[in-house]
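Engineer: Sequence:
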Amino acid sequence: SRGRRVETVVVADERAGLALVAAGQAVLVTADAGLSASRVERRRATDPPLPLRLRVVWNPRRPGSGDPAGTARLLEDVLAREAAR
41 SRGRRVETVV
51 VADERAGLAL
61 VAAGQAVLVT
71 ADAGLSASRV
81 ERRRATDPPL
91 PLRLRVVWNP
101 RRPGSGDPAG
111 TARLLEDVLA
121 REAAR
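At position 67 of the sequence shown the residue is numbered 107 (my numbering), and the sequence of numbers has no breaks.
Quick caveat, the hints were computed from the structure, so don't treat them as lab data. Fair warning: this is a prediction, and the values are worked out from it, not measured in the lab. Think of the CB as a built atom: it goes at the ideal place given N, C-alpha and C, for glycine as much as any other residue. Keep in mind that a hint or two might mislead.
Unchecked claim - The calculated label-pair distances, taken between Cβ atoms and stated as ranges, are:
| hint | residue 1 | residue 2 | range |
| --- | --- | --- | --- |
| 1 | Val51 | Glu81 | 13 to 21 Å |
| 2 | Gly104 | Gln65 | 41 to 49 Å |
| 3 | Arg79 | Val51 | 27 to 35 Å |
| 4 | Glu47 | Arg101 | 33 to 41 Å |
Build the full structure now, drawing on both the sequences and the hints.
Structural biologist: Below you can see the structure in the form of structure tokens.
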């Protein structure tokens, strides 16, 4: 690993995490583009890019789950579009 060792803090929701950020006690990583608070500045994680590990849980018995490969392609397309933004 690179950089400084940090601890992960578990919060009840993103608003609780945002309160820690506003108090200067934490950094919050979120995909919620609308999450904001006074005295909190948003920054894109670009240098280096923030790696994202995604675990998909698939229930084959759920209705509409008959095409996992097609669903995986849709998910890849959405993630690629978001990454390009």
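Engineer: Mind listing which of the numbered hints don't hold for this structure, in increasing order?
Structural biologist: 3
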